[in-house]
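Listed below, chain by chain, are the residues.
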Amino acid sequence: MKTEARFDLPQGTLDLLIMRVVTLGPIHGYAIAQRIQQMSREALQVQQGSLYPALHRLEYKKFLAARWQPTETGREAKFYELTARGRTYLKAETENWKRLTDVVGLVLKGTVEGVL
Amino acid sequence: MSWIERLFSRTRLEIDLDKELRFHFESQVADKVRSGIPESESRRLTRLEFGGLEQIKEDCRERRGTLWLESIVHDVRYAVRLLLRSPGFTITCVLILAIGVGATTAIFSLVNAVLLRPLPFAQPDRLIWVSQQDHSLPGVAPESLSYPDYFDWRAQNHTLEGIASYVNGTATMELQGQSQRLQAESVSSNLFRVLGVAPALGRDFSWEDEKPGNRVVMLSYAFWQSQFAADPAIAGKAITMDGHTYTVAGVMPKAFEFPIGNPAPVLWKSIAEDAEGKSPTTQERGFDVLGVIARLRPGVTVEQAKADLSLIAAKLAGQYPDNNKQYTSALVEPELTHMIGDTRPALRMLFGAVSMVLLLVCANVAGLLLARGSRRGAEFALRSAIGASRAAIIRQLLLESLLLSFCGGAAGIALAFGLIPVMLKLMPVEIPRVEHASIDGGVLIFVLVVSIVTGLLFGAFPAWRLSRTAPASALRESGRSMSGGRAQHRLHNGLVVTQTAIGMVLLIGAGLLMRSFVRILDVQPGFDPRHVVTTRIAVPFEGATHNQHYLFYQQLVERIAALPGVQSASAGWPLPMSSSSATVNFNIQGRPVAKGDEPSESLGLAMPGFFETMKIPLIAGRPFGAQDGLTGQPTIIVNQAFAKKYFPNQNPIGQHIQVRAGDDIFEHPVREVVGVVGDIKHKGLTTDFDPQYYLPYAQALITNPDVVVRTNEDPVAMQTAIGAAARDLDKRVPVYRASTLEEYLYQSAAQPRFQAFLLSCFAVIALVLAAIGLYGLLSYMVVQRTLEIGLRMALGAQRVDVLRMIAQRGLMLSLVGVGVGIAVSAVLTRLISGMLFEVRPTDPVIYAGTAALLLVVSVAASSAPALRAARLDPMQTLREQ
Numbered sequence: 028m029k030t031e032a033r034f035d036l037p038q039g040t041l042d043l044l045i046m047r048v049v050t051l052g053p054i055h056g057y058a059i060a061q062r063i064q065q066m067s068r069e070a071l072q073v074q075q076g077s078l079y080p081a082l083h084r085l086e087y088k089k090f091l092a093a094r095w096q097p098t099e100t101g102r103e104a105k106f107y108e109l110t111a112r113g114r115t116y117l118k119a120e121t122e123n124w125k126r127l128t129d130v131v132g133l134v135l136k137g138t139v140e141g142v143l
Numbered sequence: 007m008s009w010i011e012r013l014f015s016r017t018r019l020e021i022d023l024d025k026e027l028r029f030h031f032e033s034q035v036a037d038k039v040r041s042g043i044p045e046s047e048s049r050r051l052t053r054l055e056f057g058g059l060e061q062i063k064e065d066c067r068e069r070r071g072t073l074w075l076e077s078i079v080h081d082v083r084y085a086v087r088l089l090l091r092s093p094g095f096t097i098t099c100v101l102i103l104a105i106g107v108g109a110t111t112a113i114f115s116l117v118n119a120v121l122l123r124p125l126p127f128a129q130p131d132r133l134i135w136v137s138q139q140d141h142s143l144p145g146v147a148p149e150s151l152s153y154p155d156y157f158d159w160r161a162q163n164h165t166l167e168g169i170a171s172y173v174n175g176t177a178t179m180e181l182q183g184q185s186q187r188l189q190a191e192s193v194s195s196n197l198f199r200v201l202g203v204a205p206a207l208g209r210d211f212s213w214e215d216e217k218p219g220n221r222v223v224m225l226s227y228a229f230w231q232s233q234f235a236a237d238p239a240i241a242g243k244a245i246t247m248d249g250h251t252y253t254v255a256g257v258m259p260k261a262f263e264f265p266i267g268n269p270a271p272v273l274w275k276s277i278a279e280d281a282e283g284k285s286p287t288t289q290e291r292g293f294d295v296l297g298v299i300a301r302l303r304p305g306v307t308v309e310q311a312k313a314d315l316s317l318i319a320a321k322l323a324g325q326y327p328d329n330n331k332q333y334t335s336a337l338v339e340p341e342l343t344h345m346i347g348d349t350r351p352a353l354r355m356l357f358g359a360v361s362m363v364l365l366l367v368c369a370n371v372a373g374l375l376l377a378r379g380s381r382r383g384a385e386f387a388l389r390s391a392i393g394a395s396r397a398a399i400i401r402q403l404l405l406e407s408l409l410l411s412f413c414g415g416a417a418g419i420a421l422a423f424g425l426i427p428v429m430l431k432l433m434p435v436e437i438p439r440v441e442h443a444s445i446d447g448g449v450l451i452f453v454l455v456v457s458i459v460t461g462l463l464f465g466a467f468p469a470w471r472l473s474r475t476a477p478a479s480a481l482r483e484s485g486r487s488m489s490g491g492r493a494q495h496r497l498h499n500g501l502v503v504t505q506t507a508i509g510m511v512l513l514i515g516a517g518l519l520m521r522s523f524v525r526i527l528d529v530q531p532g533f534d535p536r537h538v539v540t541t542r543i544a545v546p547f548e549g550a551t552h553n554q555h556y557l558f559y560q561q562l563v564e565r566i567a568a569l570p571g572v573q574s575a576s577a578g579w580p581l582p583m584s585s586s587s588a589t590v591n592f593n594i595q596g597r598p599v600a601k602g603d604e605p606s607e608s609l610g611l612a613m614p615g616f617f618e619t620m621k622i623p624l625i626a627g628r629p630f631g632a633q634d635g636l637t638g639q640p641t642i643i644v645n646q647a648f649a650k651k652y653f654p655n656q657n658p659i660g661q662h663i664q665v666r667a668g669d670d671i672f673e674h675p676v677r678e679v680v681g682v683v684g685d686i687k688h689k690g691l692t693t694d695f696d697p698q699y700y701l702p703y704a705q706a707l708i709t710n711p712d713v714v715v716r717t718n719e720d721p722v723a724m725q726t727a728i729g730a731a732a733r734d735l736d737k738r739v740p741v742y743r744a745s746t747l748e749e750y751l752y753q754s755a756a757q758p759r760f761q762a763f764l765l766s767c768f769a770v771i772a773l774v775l776a777a778i779g780l781y782g783l784l785s786y787m788v789v790q791r792t793l794e795i796g797l798r799m800a801l802g803a804q805r806v807d808v809l810r811m812i813a814q815r816g817l818m819l820s821l822v823g824v825g826v827g828i829a830v831s832a833v834l835t836r837l838i839s840g841m842l843f844e845v846r847p848t849d850p851v852i853y854a855g856t857a858a859l860l861l862v863v864s865v866a867a868s869s870a871p872a873l874r875a876a877r878l879d880p881m882q883t884l885r886e887q
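The listed protein sequences correspond, in order, to chains H and F.
In our numbering, each residue carries its 1-based index in the first sequence increased by 27.
In our numbering, each residue carries its 1-based index in the second sequence increased by 6.
Bear in mind the hints are in silico, worked out from the structure with no lab data behind them.
Owing to the predicted nature of the structure, the values given are computational and were not obtained by experimental measurement.
From the three backbone atoms N, C-alpha and C, an ideal C-beta is built for every residue, glycine too.
Take the hints with a grain of salt, since some may be wrong.
To be verified - Non-contacting residues of chain F with respect to chain H, defined by C-beta distances greater than 10 Å in every case (computed):
no. : residue
1   : Leu-23
2   : Lys-25
3   : Gln-34
4   : Ile-62
5   : Gln-129
6   : Ala-235
7   : Gly-283
8   : Gly-297
9   : Thr-343
10  : Arg-354
11  : Leu-388
12  : Arg-521
13  : Pro-546
14  : Thr-693
15  : Val-833
16  : Phe-843
Claimed, not checked - Chain H regions said to be covered by chain F (calculated; three or more residues, Cβ under 8 Å):
no. : stretch
17  : 50-57
18  : 111-121
With the rest of the complex left out, here is chain H:
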């Protein structure tokens, strides 16, 4: 069993992570979970219970498009792709995120130095 520290993802960030992974090309749900785990160096483990509702919501909002196609093992899997709308949304949200983390970082840094 893995013992590394895990994070509770802030609201909305899972969508960002999913879309980021999907930009790399058509990919099915299981691979998305694996990819997020890998890219976060095992720090983030996405539960199926959060992943699939998120995927379905993004598909419903038309940020993602899905189609069924065979994997390398020959089984049918549902592959997700970013739509044009999703791409725009991801771009805007990524910038927002960066600005937010910068600002939060700035404030936290100040607090740490000033108070402690």
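Once you have looked at the hints, place chain F on chain H.
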């Protein structure tokens, strides 16, 4: 994909979702196996990591936004199952609702056909009815136009696109070997253009067709089909009517009807024939008989047209004082408004009454739901304990009531289908367009709206009430028959009081109309209508001298009088209640007035023996006899009202009156009053006795008289015998409108009879439903209070006390309902005061009688539950609870 598509493709989505998650699962297992864990162990671990598969699926569905819809589908399914589980309750509710919705729908379909549907002409809102105001009479007194007036209005107006005249008449035509009397309308040549309807076949009338010698006719579709075998080459062919040749211009479309109402004309004649002869009616300014319809120019208002036409009328009044002095302004109304004018209050009353029935139905079903709902307390408590919100419970309950009301609505439509023909059969014929009443799209939308509104109305109170049950207490109590608390009782009591009050209002309304109707039937008409057979014969005026014409009737009456079983026979015109009448100017010798200021009263024509046959009493002088013939002294007989009005302190006998009737025939002879006869009700039983004078028919051959025969023989056999006698004298004459005086009288009371009958039906329904409502509440109360009653009896209460306790409650509620009903009736019945004849809207007899009836019924409704309570075995009750 829209939500509705998604709902239908739900199964595919479900399969996909399952496949997607299964793929994930299998991939995860495969990875574990690859890392060296045995397959069974891999599966177990993966299943652990996955958690609740169903939960994930539910979350995915929710994210897709179809959840609410699916849960409604689920709720509906649940509601259906629930209603099917208690079929007795469901059938009762649906039947009660069906009565309410069915009656409302049937009445609405009448309202829709008569009041709401637009006229079947092009741009009907621009069509107006046009007339002139008679300023010598008080209030609105429309007077028809004469041809010269009409032509002037047509030429001089600036606000109308077109203005057309029409006047009803008849034509005699040889059809299938027999002379037939046909309804034929004489119309100006632009009528069809004004209405915006083109002939289906042939050509429209043209201005040329108004000129003398150009007699043309337009056939109705039905007449063309039945009498001309739908001959496609009919246009341009010649037909013979009244001994003249007419050219067929064309055939109107199938649905075309004008004027709308009974009897519908089968053909339309151009006014060419009215323009012929030595003194044509088209040149008589005093011949005020035309109906006029006009089409407004686009953008012109009714008021503007009225102002425009009034100017013309005022000018004509100045120009022709002899005929037009009192007609100084025009009367203009939208055509539809004019057509349905009189029928509106009656229809409004019926619709109001039927709405009350519907309201009562709602209160009744609400009571049933409430009683049943409180038995379901445990169910709601359980639902809310496991997390159902109050909104969810209300939604569930409203869905159930909507489902009920839709079933009731569907059954109501079926009922209305059956009711409409019955109502039309009972309906007095005078209501225009009513025969077209049917269940059309508009009516169906009405039913849908009514169903939704009633469903929400009778469902809302119980739902709001029941959803407030506190889970803990309800669950605790649910083992026993649980009581819904004071507030619920109050609501239930309120529903019963409402029903009683509505029942009271409807019963009072029905009672008033009934009493009024009985009063109408009690009216003495001034003649004896029993055993009098009547018929009309159309003897042509042209081609026969006055002598021959009169001789025909003389011989006919003699022959009929000789028939076995005939007591007396005569002829006269107009018959009372026949809706024919003529008002003609006269002057009294020794009281000179200008020609335009002459008084005018109703004119009657009578052959010798007419008053005797009708049993109109002779008050003074003598009746008409053989001496009042063509060449006899000009004579006149007046009625009592006439004598009182014009000769208040004089003996009318021997006075001299000059009547301007029969202008072509006589040089306005000065007539001597030879008799005074009793007054008769002429226009209807509820109207006043109007002044009237009679001329001997021989001296005023104005129109064919009605033959009247007093006999004890069977009316139909007698009518056949009269027809045979007439054809024996002249086989060309058509015999028509065979009837009896009683039938005329019956028809004249058709409207109040119909209103009283329908309102009584509603009142009976209301009474039964109110009784059911009260019975239901008390029965329910007994069930709820079984334990209490048992305890009371165990502690020494007598059965009589228990009986009294329940019965008292029933009587109390009814008393309150009756009180409220009386108060509401005192206000509402004022609205129908116009329909009442010699009955005040607050008639104490009706009010007291209705209250007594309702109280008796409610005592009866209370007795069964009260007795049931009194018969309870206290020991058994306590053991069971």
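Evaluation of the provided hints:
1. Leu-23: violated, 8 Å
2. Lys-25: F/Lys-25 is in fact no farther than 10 Å from some Cβ atom of chain H, at 7 Å.
3. Gln-34: Per Cβ check, F/Gln-34 is inside 10 Å of chain H; nearest 7 Å; violated.
4. Ile-62: violated, 5 Å
5. Gln-129: For F/Gln-129, whose nearest Cβ neighbour in chain H is about 48 Å away, the distance exceeds 10 Å, so it holds.
6. Ala-235: F/Ala-235 is indeed farther than 10 Å from all Cβ atoms of chain H, at 68 Å.
7. Gly-283: It holds; F/Gly-283 is separated from chain H by about 85 Å at its closest Cβ, greater than 10 Å.
8. Gly-297: holds, 67 Å
9. Thr-343: holds, 55 Å
10. Arg-354: holds, 53 Å
11. Leu-388: holds, 28 Å
12. Arg-521: F/Arg-521 is indeed farther than 10 Å from all Cβ atoms of chain H, at 69 Å.
13. Pro-546: It holds; F/Pro-546 is separated from chain H by about 85 Å at its closest Cβ, greater than 10 Å.
14. Thr-693: Non-interface label stands for F/Thr-693: nearest chain H Cβ at 75 Å, farther than 10 Å.
15. Val-833: holds, 58 Å
16. Phe-843: At about 71 Å from chain H, F/Phe-843 clears the 10 Å cut-off, so the statement holds.
17. 50-57: Result for this restraint: holds, n = 3.
18. 111-121: violated (count 0)
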